[in-house]
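Chains as they are written, first to last, in this note's numbering: chain A, 278 to 509; chain B, 278 to 509; chain C, 278 to 509; chain D, 278 to 509.
Worth flagging that the hints you see were computed from the coordinates, not collected in a lab.
One thing to keep in mind: the hints can contain errors.
Same chains, same names: a pair is fine if it fits in one copy or spans any two.
Straight-line alpha carbon distances no greater than 35 angstroms define the calculated DSBU-like cross-link-like pairs of lysine-lysine that follow [stated by the list, open to error]:
| no. | residue 1 | residue 2 |
| --- | --- | --- |
| 1 | K455 | K494 |
| 2 | K315 | K455 |
| 3 | K499 | K455 |
| 4 | K499 | K315 |
4 protein chains.
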Amino acid sequence: MRLPELRASVCQANLELAASGLVTGTFGNVSGIDREAKMFAIKPSGVPYDELTPENMVLVSLESGLPVEGTLRPSSDTPTHLELYRAFPCSGIAHTHSECATTLAQARLPLRCMGTTHADYFRGDVPVTREMTREEVESAYERNTGVVIVETFTSAGISPEEVGAVLVANHGPFTWGKDAHEAVSRSDILELLARMECTVRAMAPDAAPPARYLIDKHFLRKHGSGAYYGQK
Amino acid sequence: MRLPELRASVCQANLELAASGLVTGTFGNVSGIDREAKMFAIKPSGVPYDELTPENMVLVSLESGLPVEGTLRPSSDTPTHLELYRAFPCSGIAHTHSECATTLAQARLPLRCMGTTHADYFRGDVPVTREMTREEVESAYERNTGVVIVETFTSAGISPEEVGAVLVANHGPFTWGKDAHEAVSRSDILELLARMECTVRAMAPDAAPPARYLIDKHFLRKHGSGAYYGQK
Amino acid sequence: MRLPELRASVCQANLELAASGLVTGTFGNVSGIDREAKMFAIKPSGVPYDELTPENMVLVSLESGLPVEGTLRPSSDTPTHLELYRAFPCSGIAHTHSECATTLAQARLPLRCMGTTHADYFRGDVPVTREMTREEVESAYERNTGVVIVETFTSAGISPEEVGAVLVANHGPFTWGKDAHEAVSRSDILELLARMECTVRAMAPDAAPPARYLIDKHFLRKHGSGAYYGQK
Amino acid sequence: MRLPELRASVCQANLELAASGLVTGTFGNVSGIDREAKMFAIKPSGVPYDELTPENMVLVSLESGLPVEGTLRPSSDTPTHLELYRAFPCSGIAHTHSECATTLAQARLPLRCMGTTHADYFRGDVPVTREMTREEVESAYERNTGVVIVETFTSAGISPEEVGAVLVANHGPFTWGKDAHEAVSRSDILELLARMECTVRAMAPDAAPPARYLIDKHFLRKHGSGAYYGQK
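Chain A extracted, bound-state conformation (with noise of 0.2 angstroms):
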């Protein structure tokens, strides 16, 4: 994908992201990424969603982390999705404060993997980050907070392929896909997967998750080489 086509992929990302009802207010963006160019396109800082267009997406590079043209400043949270493409292999990211996936990051709560909607999308459960220390949070918030996500990952040998999507402790979720738009629908179905989890909580405390083969099952009639939903 070439520049002026990022910049307007990104841009209409964002207008489906504010089209979704996921976001309140100026909260909530969305980037993507042309590897070859190591470039990535982000929403400007602030700016309300109406007045967003191809020409305002900032270009940020991968190398330097830094807006590379424009006056505009990029996204604040624009660090975090930094660390996320040096670190996973995705092409797009989107990050909303949605009503239910934001609940499950106040509370501190993984989205469990309850059922087959969940499997289709996300093989297991989607992890929530560990509050980060004083340090982390006063210099460098925003990286942090990425390298904070990708630990998560690391560490309990999660594969972000598999699972494109992480709630950060109270603050909010992270999705990610193979573009802007794959990220922004995943933000979408996330929200739907913890509006359901917040009530099996709340009436079921003790519910069961179901059997590994059938998230697996799910998971792969939709992903992969065996896979045999939708038409060839």
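Knowing the structure of chain A, use the given hints to seat chains B, C and D on it.
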């Protein structure tokens, strides 16, 4: 109903399902059967709802379980529909991942009949299936989903004509009725009932169900030879 | 109000009910009475809301309880309305299966007065009726529903003018007021109050109600000779 | 801001409140002050939102607390606004009965700061007032509501500039800010935060709050001289 009408009716019912707000993404599917022709029409797999037409509904033989024409694959849940058409005296089936019915399924809880809103449509609890075994999941999964639904009704002595819905454990609801439209409208009412049941379970876990005679009164006020609801 | 105006007003109030989002399918009905003519108009049974016209509202005699003209059957809940018009000094009645009011009814819990939003409309708890006996359900069920509502108010010394609503156990709410429109708007506020009450019960089951003097202050700020809310 | 502009701005903010979905019926009101003119404009009492115009906003003197012109009565909550303008350095106030903020108020629970969504707007818990005494309710009730709000902030050492919202026990929220529009947008975010808090309390009553340094980081990222969110 002749086959062109069946296609049109099933396409329309799938669009009603999409309009109902019960589906996210490409989840969900509706079918309808022509029992004389021994053929049912069903949504193609993974096709977005806004691309559905009568022509791309897939016709499947009740006898062979195979598509009888066209090049699109039928819904991956087709073998479940097939088992239900073979065992139950219904002519339309709908499957959704609607939020609260799925939440109950994820907690493996039945949708209890707690009032007259429920009894107007279903004569008693909507059961939840048992967990499927590894063998049932790993081979002929979708067919076995149907087998386990039928087993649930048979083993508990529930009439599929009086209770036109089931919750598949850790998966979601199926509903059925006299045609595809009734199946969809039952999915809609099922979701309302499930929302109420989730709330009762969260706030009043020990609430007692109503007397059987109240349930029977409401069901029979609307169904069967003694019905007196509506116009003659 | 003359009978053509009554028909038009009751039809309009039924349409307001449908527009309010409180009804699913053909659930719910509204009536209004002309006390001089001793006649009330009510929704016909099982007719979809989008087919309602002033002409197909059914006129029922307050004395005989029978339709006085036309060929459509009145709502199956007509005998309940009749009992309420005979016992309570109201001129409009609405019945819904709105989600959270019905949820409380299904748990057989009153809608407690927990704050000023409630006290602005209802001077104290909205009661829930006792369970009906087999005899009450199996003969003259709808009439007995009204009888049990009236008994609930009489036995607890609740004024139907100060509390214009009730929850029928395992069924749903009825509201009443000075005309059909007020009955509908009370159904609307009742549902908001019920949503809040369900949440309080789920998250803070031991929350204490406000002092009686706060309830009285708010009710009397809006109702009666000392009211000072709104314009003169 | 001159008085005609103030009227227009306050009228517009009341319409934003109505459009936000936070109000039912005629609940809710917004005001804005011209501190030089010592005058504030406020919604008239009990007038439907669709009849509001800049001309029917009521001007009230900050010194006398009385309307200075026109024939419409100001909102019955005017004395509460007056107390807040006298004690707090704000220039706009909004009052709603929004569902979940009111639910917390009815349970007499504060809206705890459980995450960064909250800390982006309010630097710490939004407090709930103490119960009012019989004397406070029965005489000068609305004025005393304001007195108790101010007491809540003073006695707990909370800055009304850092926490621009309160929950009045068994009543509902008030929010304030630099003008009427900011007050309304804070009512909107407050409701989102309250929805999340109600769910956390229902599903994870023992969840711990985040560290103070995380709250401070997010609040100061957006507010004050070290802010770096948004464009310069």
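These are the hints, each one checked on the structure:
1. K455 to K494: both (22 angstroms within a copy, 32 angstroms between copies)
2. K315 to K455: So K315 and K455 pass the 35 angstroms test inside one copy only (15 angstroms; across, 43 angstroms).
3. K499 to K455: Both. Shortest intra-copy (15 angstroms) and inter-copy (32 angstroms) distances satisfy the 35 angstroms Cα cut-off.
4. K499 to K315: both (30 angstroms within a copy, 30 angstroms between copies)
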